[in-house]
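Asker: Residue-level listing of the chains:
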Amino acid sequence: MIDHIKKKINELLSGGSVKGVIALANANGHVAPCLFQKGDDLEKLSLGDRETAGDARYPLNKVLITIARQYPDEVFGVLTRGCDERGLHILYRLNQLMPDKVVPIGISCPQSLAIQCECKKPWPDDMTAGEKSEAVAQKRVQDAEGKDLKERFDYWANQFLKCVKCYGCRDICPMCFCKECSLECEDLVSKGDLPVDIPVFHLTRAMHMADRCIDCGLCEEACPSGIPLRLLYKKTAGIMNAEFGFTSGIDKNETSPLSMMGPAPKK
Amino acid sequence: MDYRNTLTTCTYCGCGCNFFLESLDGRLTGTIPCKTSPVNEGKLCIKGWNVHQFVQSEKRLTKPLLRKNGELVEVSWDEALNFVASGLKAAKSASGADSIGFFASAKVTNEENYLMQKFARAAVGTNNIDHCARL
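If you read the sequences in order, they're chains A and B.
For the first sequence, this note's numbering puts the final residue at 299, and the numbers step up evenly by one.
For the second sequence, this note's numbering puts the final residue at 172, and the numbers step up evenly by one.
No wet-lab data here; the hints were simulated from the structure.
The C-beta atom is built at its ideal place from N, Cα and C for all residues, glycine as well.
Fair warning: there could be bad hints in the mix.
As the list claims (entries may be wrong) - Just so you have them, the derived chain B footprint on chain A, three or more residues with Cβ under 8 Å: (1) 36-48; (2) 56-63; (3) 212-221.
Stated by the list, open to error - Short, incomplete list of chain A residues facing chain B, as computed with Cβ under 10 Å: (4) Q174; (5) I204; (6) L263.
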């Protein structure tokens, strides 16, 4: 698969249709986000797989936003998994990226990663390489819903208590781009205090993720306290789907139920 | 267009978390925790996440300052170091080496802390060495 991707990147760069391609690269024995430009060595390209599939994924769309804000007239390629493609759709909708300035280079995720993520769509529609893996059922959410209300409440209160307020879940999130963040609003979240405001801190973020979360799982991987954030956002996404028939990022022309006035859209 | 991720180690404490300092055209734009680091495995605390901010802070001291007539004024490194050295010498000859104490720091490297204690013990002649983390 990687040779196919290299060929595609080479075509894009040498043909001049993109200024650069945002992907991952092996360097110093690690994997890091990288901007490949014309003439760069593509041998160091990585797809983010080290010991297991996808264990060195990074928020490439976030990198793209950083670069695109500085170079708004240039076109960039970006390595895109299923979740990243959902992210692009939402970032276009929220005017953070311009669709005519982005060339996605789609790769599917292997089944092992899809199972680990319990991913509903482990492939992008626009796929350059790889084969579609199968969608995976949301067992984590089902298991959590199996507990009774008190058990669930205690579980989450204990999880939130572990929070060290590093803001890593927000900082790593490819869908978090606001200049002013509610989690830094002192009317909602007290400054410099631990334990964190329970449950305001985590539920405020969950609410903001409701029509944005692409279920990439980077937040949970970045949490030093091991809080099951992905489970929380999967549940939030499940409510959006059940109530509004909405799955964030799946449809290119989607409108968020949270930004509409009037009755709920038809399921 | 020069986008880079430079692998480095956090300067805030002794844990040694690894991250990439993200830069675009020579300006730091962010911190990205290194997922393949065996130390922090892609996680950081709030200080690590914001470590890129102090580097370009306008409040950062970049030149030595010496208080003259109650006001801090910019001086050369030679003048600053001469002032410190003569102050330490004067204190030592007036009240002995144990009248001087040294504070090491978590924000410098292991090697710099080694040099600090070596300077305290071998050059000044005291074991009065402590560390900001005792606070």
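Asker: It remains to establish, for every hint, whether it holds in the given structure.
Answerer: Now for the hints, and whether the structure bears them out:
Counting residues of the region 36-48 of chain A whose beta carbon lies closer than 8 Å to any beta carbon of chain B gives 0, which falls short of the minimum of three for the stated coverage. A count of 5 residues in the region 56-63 of chain A with a Cβ less than 8 Å from any Cβ of chain B is obtained; the coverage claim is therefore met, three being the minimum. For the region 212-221 of chain A, the stated coverage by chain B is violated: 0 residues have a C-beta nearer than 8 Å to a C-beta of that chain, whereas at least 3 were required. Interface restraint check: Q174(A) against chain B, minimum CB-CB distance 27 Å, threshold 10 Å, status violated.
The restraint placing I204(A) at the interface with chain B holds, with a minimum CB-CB distance near 8 Å, inside the 10 Å limit. The beta carbon of L263(A) is not positioned within 10 Å of any beta carbon in chain B (closest approach about 18 Å), and the interface hint is therefore violated.
Going through the hint list in order, the structure does not satisfy hints 1, 3, 4, 6.
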